[in-house]
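Undergrad: Given the sequences, and given the hints that come with them, work out the whole structure.
Going by the numbering used here, the first residue of the sequence shown is number 133, and it counts up by one from there.
One or more of the hints may lead you astray.
Keeping only pairs whose Cα atoms sit at most 35 angstroms apart, straight-line, the calculated DSBU-like set for lysine-lysine is [what the hints assert, rightly or not]:
(1) K211 / K152
(2) K156 / K194
(3) K211 / K176
(4) K211 / K174
(5) K194 / K169
(6) K156 / K211
(7) K194 / K176
(8) K152 / K169
(9) K169 / K211
(10) K152 / K194
(11) K176 / K152
(12) K156 / K176
(13) K174 / K194
(14) K174 / K156
(15) K169 / K156
(16) K152 / K174
(17) K194 / K211
Each pair of labels, with its calculated beta carbon distance range [unchecked claim]:
(18) K174 / I196: 15 to 21 angstroms
(19) T142 / Q213: 30 to 36 angstroms
(20) P178 / D137: 17 to 23 angstroms
(21) N149 / K174: 17 to 23 angstroms
Keep in mind that the hints were calculated from the coordinates and are not lab data. Ideal placement from N, C-alpha and C gives every residue a C-beta, glycine not left out.
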Amino acid sequence: MIVEDQRNITCGGDPFNYLKSTLKGLSFQLEPGQDVKVLLLKEKFPFNRDVYEGLARTSRFKLIDVEENDGEVAVILRKTQ
Numbered sequence: 133m134i135v136e137d138q139r140n141i142t143c144g145g146d147p148f149n150y151l152k153s154t155l156k157g158l159s160f161q162l163e164p165g166q167d168v169k170v171l172l173l174k175e176k177f178p179f180n181r182d183v184y185e186g187l188a189r190t191s192r193f194k195l196i197d198v199e200e201n202d203g204e205v206a207v208i209l210r211k212t213q
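TA: Structure below.
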């Protein structure tokens with residue numbers, strides 16, 4: 133599993149589009165069936181599971197899990213066809 137650590141980034145005023153771009157880039161790097169764990173701070177990315185699921189779908193990923201722990205979020209995705 134690839135780990136993409138985005139906890140210390142500065143995404144300006146639009147975290148949604150920043151994450152969308154990050155996932156789009158990852159979709160080009162990964163082969164179908166590969167997993168990635170994206171690490172985020174809840175403070176910078178205050179989204180619920182439905183938002184992550186929508187972003188995953190539009191970037192050719194399947195949302196496997198969203199884990200929240202002590203202000204950090206781990207979004208686990210699997211690359212689809």
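Undergrad: Taking 35 angstroms as the top limit, are the C-alpha atoms of K176 and K152 close enough?
TA: Roughly 14 angstroms separates the two Cα atoms, so the pair holds.
Undergrad: Next pair to validate is K211 with K176; report whether the Cα-Cα distance is within 35 angstroms.
TA: holds, 24 angstroms
Undergrad: Could you see if the CB distance from N149 to K174 stays within 17 to 23 angstroms?
TA: Check passed, 18 angstroms falls within 17 to 23 angstroms.
Undergrad: If I claimed the Cβ atoms of T142 and Q213 lie 30 to 36 angstroms apart, would that claim hold in this structure?
TA: holds, 34 angstroms
Undergrad: Within a Cα-Cα threshold of 35 angstroms, do K169 and K211 meet the stated pairing?
TA: OK: K169 and K211 at ~11 angstroms, within 35 angstroms.
Undergrad: Given the hinted pair K194 and K211, is their Cα-Cα distance within 35 angstroms?
TA: This hinted pair holds, its Cα atoms lying about 6 angstroms apart.
Undergrad: Holds or violated: are the alpha carbons of K174 and K194 at most 35 angstroms from each other?
TA: Judged against 35 angstroms, a Cα distance of about 21 angstroms means the pair holds.
Undergrad: Given the hint that K156 pairs with K194, does the C-alpha gap stay at or below 35 angstroms?
TA: holds, 13 angstroms
Undergrad: Is the straight-line distance between the alpha-carbon of K194 and that of K169 35 angstroms or less?
TA: holds, 12 angstroms
Undergrad: Given the hint that K211 pairs with K152, test it: the Cα-Cα distance must not exceed 35 angstroms.
TA: At roughly 15 angstroms apart (the allowed maximum being 35 angstroms), K152 and K211 satisfy the hint.
Undergrad: Decide if the proposed pair is consistent with the structure: K156 and K211, CA atoms, cutoff 35 angstroms inclusive.
TA: holds, 11 angstroms
Undergrad: Verify the proposed pairing of K194 with K176, using a straight-line Cα cut of 35 angstroms.
TA: Since the Cα atoms of K194 and K176 sit roughly 22 angstroms apart, the hinted pair holds (cutoff 35 angstroms).
The structure shown violates none of the earlier numbered hints.
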